[in-house]
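**Q** With chain A fixed as given, assemble chain B with the ligands onto it according to the hints.
Below, each chain spelled out in residue letters.
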Amino acid sequence: MLSQHDIQEAEQSGHQVYSVYVFEAPLRAWHWVNALLMVILAVSGYLIGKPLPTLTGEAADHYMMGYVRFVHFIAAYLFAAGLVARLYWAFVGNRHARQIFLLPFADKTWWREVLFELRWYLFLESTPKKYLGHNPMALLMMFFFFTVLAFGMTLTGFGLYVEFTGAGGVGDFLFGWVVPLLGGSQQTHMWHRLGMWFMMSFAVLHVYAAIREEVLSKHSLISTMISGWRMFKD
Amino acid sequence: MTETFYEVLRRQGITRRSFLKFCSLTATSLGLSAAAMPKIAQALETKPRTPVLWLHGLECTCCSESFIRSAHPLTRDVVLSMLSLDYDDTLMAAAGHQAEAIIEMVKEKYRGNYLVAVEGNPPLNNDGMFCIQGGRPFVEKLKETCADAKAIIAWGSCASYGCVQAARPNPTRATPIDKVITGKPIINVPGCPPIAEVMTGVVTYMLTFDRIPELDRQKRPKMFYGQRIHDKCYRRGHFDAGQFVEAWDDESAKKGFCLYKMGCKGPSTYNACSSMRWNGGVSWPVQSGHGCLGCSEDGFWDRGSFYDHVTGIHQFGIEADADTIGGAVAIGTGAAIAAHAAVTVLSRIRSGRQVQETAAETAP
Ligand code: HEM
Ligand code: SF4
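So the sequences go chain by chain: A and B.
Letter 158 of the first sequence, counting from 1, is numbered 158 in this note's numbering, and no numbers are missing.
To convert a position in the second sequence, counted from 1, into this note's numbering, add 234.
Next up, chain A with everything else stripped away, as it sits in the complex (with noise of 0.2 Å):
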């Protein structure tokens, strides 16, 4: 499963390249919805903090913080049911989808590669490594700005959402204590406010570390994620 350009490339330089299938189908297909969901949500939302400039005529010609709300409120659904399916597969799936939600903590050696990766990127290593599954930092970065984050936004979401329909029913019961739990609405509606700076952040920092491995590591990780193999070019 090599590209045309990777072959020709492996070819004129001389080296050796060979793949390995990582990323099923379901997992690729969530990374790239999850990624334009995560986009929709957080400029959906920011537009709900901090509106669009107002509109005159009467209130009956437009509906556009009903539109904004309902794009997020849909947008949110989706990445909500995805998040489901993504732990569904983490059962299901090839040992790769589980990465993100099991970090070897109690592993040693893993934790040096932890190491090695900071000092690579704080370019204390001259050579990376390269991975079969996610590059250990990365993973770290993923497991905390999204992996936790993402379940956060859900259920500070949610909490917020649910109070929309009130007291009582099944709502309520699943995610009423939310709001309580964080000391009021108005801090749930901050912290998930701050929450997306925290993910859009990450999401910048996630692309440029992508490119950066791609170019210097000698291993695919943006057409992996689409194709599903991981390239070595040796």
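Treat the hints as calculated values from the structure; they're not laboratory data.
The calculated lysine-lysine pairs, modelled on BS3-like cross-linking and capped at a C-alpha distance of 27 Å, are: (1) Lys488(B) with Lys50(A); (2) Lys489(B) with Lys50(A); (3) Lys466(B) with Lys50(A); (4) Lys495(B) with Lys50(A).
For the chain B half of the interface with chain A, some residues (derived, Cβ under 7 Å), not all of them: (5) Asp474; (6) Val544; (7) Thr567.
Even for Gly, the Cβ is constructed at its ideal location relative to N, Cα and C.
**A** Showing chain B with the ligands alone in chain A's frame:
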């Protein structure tokens, strides 16, 4: 022999006609059907009177002020005659030892069968010395009085959450009632002050039905605190349309658009203002053109400016909100990435040169 409510009311000069009017008024304000009215009347006629002791801790008396201004004079008269009979430092005639003796008397006579309504809260620092009543800390009086009570009503944001005297840094350690009294049913009726009709509604409900109203997770009666201000606000149409006041004197303000951008806390505040309004339905904050301050929410003094929707974060020790901190994180990340990328490129160029140089050296 203990009197029934009805006997007390008649003794206080309230006619039977007024009594029945009161019963139907109560049924309506509690959202009950017409069939509930005779039940309320019957309950009041037959049930022995439940005494209410009204205590005052650290507070400003705005709850009492609100309470005695309940919209319908009848409600006020009836409820006051039911209440003032026993104990309320600010409203009763008795004073000094005579007054304090009343508490002892009620505790003795109605053990486990009286209600305590608390306005304000006890400060706990320095052994409670910041609030002294009858020569001893209020917290002691509170604990003693509540020990044999059937239930406790925490009036206002002070008693429910702490309010202004508990605002950061809370020097006296003013503490809400439910953190001091345990093992008793507590009903929180937050607001600074709570709406008069909400207060009388809660008291009447408890006195007539002899049970506490259904409460939510924060121990607030669901019938009055089940929805946010925003859910019933008459300016909500403008919110959904995206029509906002952007400055206090702009065209939108004159047209009565939504006050969200002016920091209205209606979307995060549970209270009945937008449906019951204030002063007998005359007006309420949003109707007067000013956003809701969120006075019935926990810690509302510590949530940053009253005029920003995105609110302050104190954990960071400076005046900051989610956007300033989040924005700084995002910009910091961006800057770090740019710097990192630059160093990466530079070191690549350098090592590239080295490769070339070594290649040149080893070339024959
Ligand atoms: C990546 C995930 C998400 C991001 C980045 C995000 C972002 C935001 C932001 C920035 C706000 C504005 C907060 C404010 O200033 O008050 C917001 C509001 C909100 N979000 Fe999310 N959100 C996400 C996921 C969710 C999810 C899963 C739900 C679940 C239903 C949700 C429900 C809400 C609700 C109910 C509000 C409040 C809307 C209102 O007050 O009208 N969000 N979101
Ligand atoms: S004025 Fe306040 S409570 Fe009313 S719709 Fe606007 S934000 Fe909501």
